[in-house]
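Q: Chain residues, written in single-letter form:
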Amino acid sequence: MAHLHLMDDKDLVHLYQKGDQLAISELVSRYKQRIYSTIYFLVRNTELAEDLFQDTFIKILTSLKNKHYSEQGKFLPWALRIAHNLVIDHFRKDKLMPLQHDTEDYSVFDFIPQKSRNAAEQMIYDEKISQVRALLDQLPFEQREVVILRHYAGLSFKEISKMLNININTALGRMHYAILKMREMVQKQDINLRE
Amino acid sequence: MNKTTTQKDLLLYAYNETKLLDSDRIQRAVDGDPVIAGEYREITSMLELLDSAGPSPSEKSIQNILSHA
Numbered sequence: 001m002a003h004l005h006l007m008d009d010k011d012l013v014h015l016y017q018k019g020d021q022l023a024i025s026e027l028v029s030r031y032k033q034r035i036y037s038t039i040y041f042l043v044r045n046t047e048l049a050e051d052l053f054q055d056t057f058i059k060i061l062t063s064l065k066n067k068h069y070s071e072q073g074k075f076l077p078w079a080l081r082i083a084h085n086l087v088i089d090h091f092r093k094d095k096l097m098p099l100q101h102d103t104e105d106y107s108v109f110d111f112i113p114q115k116s117r118n119a120a121e122q123m124i125y126d127e128k129i130s131q132v133r134a135l136l137d138q139l140p141f142e143q144r145e146v147v148i149l150r151h152y153a154g155l156s157f158k159e160i161s162k163m164l165n166i167n168i169n170t171a172l173g174r175m176h177y178a179i180l181k182m183r184e185m186v187q188k189q190d191i192n193l194r195e
Numbered sequence: 001m002n003k004t005t006t007q008k009d010l011l012l013y014a015y016n017e018t019k020l021l022d023s024d025r026i027q028r029a030v031d032g033d034p035v036i037a038g039e040y041r042e043i044t045s046m047l048e049l050l051d052s053a054g055p056s057p058s059e060k061s062i063q064n065i066l067s068h069a
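In order, the protein sequences belong to chains A and B. Just so we're aligned: 156 in my numbering is position 156 of the first sequence, and the numbers increase by one with no gaps anywhere. Just so we're aligned: 5 in my numbering is position 5 of the second sequence, and the numbers increase by one with no gaps anywhere.
Same shape as in the complex, but just chain B (with noise of 0.2 Å):
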């Protein structure tokens, strides 16, 4: 990892919440360093894992709240 780009940079870049020159500097880092595109993939890997489980409430509980409206 260089010291321009933190695990936290990556995060943060991962999420989307970086502004645009962030981005850009990040992204090369991504690009032009192997140890960095590696924990970059790392995190995403993770993140992909944790979009597989996202779970929903039931119908009933819905009905419930909107006969409270």
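So that you can see chain A by itself, here it is in the shape it has in the complex (with noise of 0.2 Å):
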């Protein structure tokens, strides 16, 4: 099928719905990025991370076959209440906070696509991006779950509110404080803000 990409997620669902593979394809190339930054930031842990990803889409493609996806609904917050799910399953079954991190020599960092960069350019991105972060590390879970949601997700305030079961001011009011504490870390640590 000519175009996948231009279709709208509906017609893509319908599509796989009918047996074409290549939709699905296309459904997880659109939003591979943003569910897995959501349960990367969530988890800090790489390995977890690709785990509780495939689970989600596993999960995801099992709905859509068995017809329980309701078209009422936008596919990117279904799939991300989906991801959220499993991550707190995953927190309560172990009764884990979310407090493991990558090793040293293994990163999801090595997964970002790189721009062509000489060394010295190659190690203050590298640097940047353990101080980024470092900074969404040290928020509180729930107001690095809405800078998460919001900014990696691409999810609205309203969509978060909902998926949340929060108001849309508490929403608003965490990603409030989540940036002033940032704010007071860069200052503090001397990040510099440009790449």
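You may find that some hints are simply not true.
To be verified - Label pairs and their in silico Cβ distance ranges:
1) A/Pro140 <-> B/Gln63: 34 to 42 Å
2) B/Lys8 <-> A/Asp8: 27 to 35 Å
3) B/His68 <-> A/Phe91: 18 to 26 Å
Stated by the list, open to error - Computed far set for chain A versus chain B, every beta-carbon distance over 10 Å:
4) Asp8
5) Ala49
6) Glu50
7) Ser63
8) Leu76
9) Gln138
10) Pro140
11) Leu164
12) Arg183
13) Ile191
Because the hints were derived from the structure by calculation, they are not lab data. Even glycine gets a Cβ: it sits at the ideal position worked out from N, Cα and C.
Could you use the hints to bring the two separately framed chains together as a complex?
A: In structure tokens form, the structure reads like this:
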């Protein structure tokens, strides 16, 4: 099927339900970064994020095959709800708070598409990535959750409030406090905001 | 910060979630008030910082998912 990238989510879901494998490939490609980033920044562990990312899409595929997907909702918020529930289930099951981190020799940021940089630029870039990751890690979970869902997952504040079952002003307030805290940390740690 | 433009307004505006009339009002506030302009710059600079750290899944995970399709 030509022009899959021009089709909307609903039509891609229909095509997949009729047996078109390329349609799901397009949906994965369209949302992989947002869904993966959301999971990664919540669990802060690459291996676990990769597992939960796969589990999320396998659950999505099963739901689509069994026609459990309602067209009334948008695909991304629905998919992110599945991802978020799997993350929460993981924490509940293991009675863990998200405190695990990547090891030094294996990092999620290895998978970020690299722009062409010389060695010195790459060092500065790597340092910056690590600083941003540290900033996010230091935010309280509820604030980090809103930052991730808004910034990396691309949900609107209204969608976030529905997903987390909170008032939109609460979502905005958490984002606001997260920005204040990050700004304070940037000033304390003298992080350069420009690449 | 004046009475009609709040931090929440600035956040919604930064993420393009305001209605046209509100956008116009907020942009005028940013243009006309150095305090609001400073607050808005702080927000956008933090958002730019976050932009620099978006991770992607491995190709292996993608292939595993597609093998279940």
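Q: Take a quick look at A/Arg183 and tell me if its Cβ sits farther than 10 Å from every Cβ on chain B, holds or violated.
A: Given that some Cβ of chain B is not farther than 10 Å from that of A/Arg183, nearest at about 6 Å, it is violated.
Q: Evaluate the condition: distance from the CB of A/Ser63 to the nearest CB of chain B exceeds 10 Å.
A: Its Cβ never comes within 10 Å of chain B, the nearest being 12 Å, so this holds.
Q: Can we confirm that no CB of chain B comes within 10 Å of the CB of A/Ile191?
A: violated, 8 Å
Q: In this structure, is the beta-carbon distance linking B/His68 and A/Phe91 contained in 18 to 26 Å?
A: holds, 25 Å
Q: Does the no-contact call for A/Asp8 survive, Cβ to all of chain B over 10 Å?
A: It holds; A/Asp8 is separated from chain B by about 19 Å at its closest Cβ, greater than 10 Å.
Q: Closest CB-CB distance from A/Pro140 to chain B, is it above 10 Å?
A: holds, 16 Å
Q: Range first: 27 to 35 Å. Now tell me if the beta carbons of B/Lys8 and A/Asp8 are that far apart.
A: At 31 Å between Cβs, range holds.
Q: Taking 10 Å as the cut and beta carbons as the points, is A/Glu50 off the interface with chain B?
A: violated, 5 Å
Q: Beyond 10 Å from every chain B Cβ: check whether that's true for A/Ala49.
A: violated, 8 Å
Q: Per the stated criterion, does the least C-beta distance between A/Gln138 and chain B lie above 10 Å, as a non-interface residue requires?
A: About 14 Å separates A/Gln138 from the closest Cβ of chain B, which puts it past 10 Å; holds.
Q: Can we trust that A/Leu164 is non-interface, i.e. its beta-carbon lies farther than 10 Å from all of chain B?
A: holds, 16 Å
Q: Measuring Cβ to Cβ, find out whether A/Leu76 lies farther than 10 Å from everything in chain B.
A: Holds, because the least Cβ-Cβ distance between A/Leu76 and chain B comes to about 15 Å, which exceeds 10 Å.
Going down the numbered hints, you'll see the structure goes against 5, 6, 12 and 13, while the others check out.
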